[in-house]
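J.: Okay, here's what each chain looks like letter by letter:
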Amino acid sequence: MTGERPFALVLLEMSFLMLLGPLVTGIIQKIKARLQLRQGAGVLQPYRDLAKLFRKGTVQADTTSGLFRSIPVFVLAATVAAGALVPVFRGGPPAVPLGDALLLLGLLALARFLTAVGALDAGGAFGGMGASREMTVAPLVEPVLMMVVFSTAVAAGTTELGALAAHRSASWLLAWRAADFLGFAAMLVLLPAETGRIPVDNPDTHLELTMLHEGMLLEHSGPGLGCMLLASHTRQVVTLGFVAALFLPASPMAAGSALGFLIGAAAFIAKILVLALYLALVESSYAKLRFFRIPQYLAVGFVCALSALALRIL
Amino acid sequence: MNEATVHALIDDIGALLLFSMILILAADQVYRAIYAVAAQSLLIAVAAGVLAMATGNPDLWVIAGITLVVKAMVLPWVLHRVVQRMNVRREVEPVIPVITTLAVAVGIVVMSFHLSASLGAVRQAITGNALPVGISLILLGVLVMASRKKALTQMVGLFASENGIFFTAMAVSKGMPLIIEIGVILDVILAALVMAILVLRVRSTVDADIADLDRLRG
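Chains as they are written, first to last, in this note's numbering: chain A, 678 to 991; chain B, 3 to 220.
Chain A extracted, bound-state conformation (with noise of 0.2 Å):
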C-alpha cells in the first residue's frame, strides 16, 4: 500500500498529540477561568499536575483485583493508538494500513469500557455510579458518531480518517454539502459528550454525584490516576481531532519539506484552538443537565446525524 504519510510521521503525530493533550485542557480551563473574570491558574497546570501524580506512590484498595493495576496502562495504550490514526500534519492515507475512523472510534470505546470495568473492580459506591452512568451515555454518542463518520464517509467513499481529511482539504466551506453542515451540527452537539464536559458530564468535580468521568477515577491513585487523566487529556486532543479531520481543512502541503510541515503543525493548532474555544464557550453558558435530560440532549445529535445521512444517501 502506498500512502503519503510514512510511519515515522505516525509515529511522530502520535507522540505529539499525547504531548499537546494536557495543554488543551490547560488552554479550555484557562479560557473558563478567565470567562468568570478569575486569573485561573497556568495553561501549563495539567502538566504540572501529572509530573507530581508521576511522582507519587500507589494506594490501593484491598479488595481490587490484579487487573486493576493494569488498567490505567492499557486505558492509556488503547487512546494512544487512537491517536496514532489521526492525521495531524497533513491529509492522506498512512503508508502502512493502520486502520480508519472506525477503528478509533472502537479504540476510545475500549478505553471507555476498560475504565469502567477498573471502576466496577474497586468496587466503591462512586466508582459503579459513575461507571453505570458512563456505560449509559456511551451507546448513545457512539452511534450517532458512527452515523457522522458514514455520512462524510459516502462523499470520499473511504473511512481512512487521512484520506477523508484530504478529501476535505479540496474542498471546503463553500463546497460544504448540505449534509455535512447537518454532520457538523450533530458534532458540536456530541462534543461535549465525547469529551466530558458540561452540559453532560462535569470535568472540575470530584466527589459529587452529578459526574460520570471523574467519578471512575476515583480508585486510581498515584502514577495510575497519571496515566488516566493523560488518557483523557489524549481522548480530548484525539476528539477534537477526528472532528477537525472529517469537517475542517487540512494543510495543503508539499510532501516532506520543513516549511510545510510548520504550516501543517501550525494549522493543526488552530484548528484545534477553535474547537477548544467551541468547547470552553459551552462550558461556560449551559448549566449541567440534570441526567436524565442527557439523552434528550443527545437526540438531537442523533437526529441531526440521521438528517445528515439521509440527505447523503437518499
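Calculated directly from the structure, the hints in this document are not laboratory data. Glycine is no exception: its CB is placed at the ideal position from the N, C-alpha and C atoms. Treat the hints loosely; a few may be bogus.
These stretches of chain B come out as covered by chain A in the derived footprint (C-beta under 8 Å, 3 or more residues) [what the hints assert, rightly or not]:
1) 4-18
2) 38-44
3) 100-107
We have chain A already, so just place chain B on it with the hints.
T.: Leaving out everything else, chain B in the frame of chain A:
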C-alpha cells in the same frame, strides 16, 4: 450566479432549516423555541434573496423583505412579549415526551426523503433536496402543534409549518405570485395576533389553559 451554485446554496439552507426545526422540536424552554423559529425565518429570507438574485424576479425580493421584517422580527417579538406578559412557567409542556417527539421526527424526515426519492425524474427537475426538506418542515411543524400543550408553542409550530410551505413554494416553482404570498403572510400575522390576544385574554379572565378547553366538548 450559475444554476449549480444556486442549487448548492438552497441545499445548504435546507440543511440549516432542518437543523433549526430540530432545535424547535428539542427546545425545552419557550424562549429557545421562539429564537429558533426566528432563525428559521431568517434563513427563509436568505433563501428568498438567493432565488431572487438567481432568477431576477423582483417579487422574490419583496417576499424576502417581508419575511425578514414580519416573520424574523415582528412575530418573534410578539411571542416574546406574550411570554413576558403571561408570567407563566417558561418550560415547554409536551403532551408526549420530547424524546418521543424526536423519534417521530426521525421517522417523518426519513419518510419525506423516501417519498420524494420515489418521484425520481420529477425530483431531479426540482431544486435538489428542497422538496423533501420542505415537506419535512411542514409535517414537523404540524407535529410541534400536535404535541405541545401551550398555545404559544403551538404558534411556534404554525410558523415553522408556514416556513416549510414558503420554502417548498419558492424552491419548487421559483416563487409564487406575489399576491398569494402576501395573502399567506397576512393570514399568519392575523392568526398570530388573534392567538396572542386569545391567550392573554383567556389567561387574564378565566385563568385557564388551552388543555382545559378539552372539557368544553359537547
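J.: Hint by hint, where does the structure go against what was stated? Just the numbers, ascending.
T.: 2
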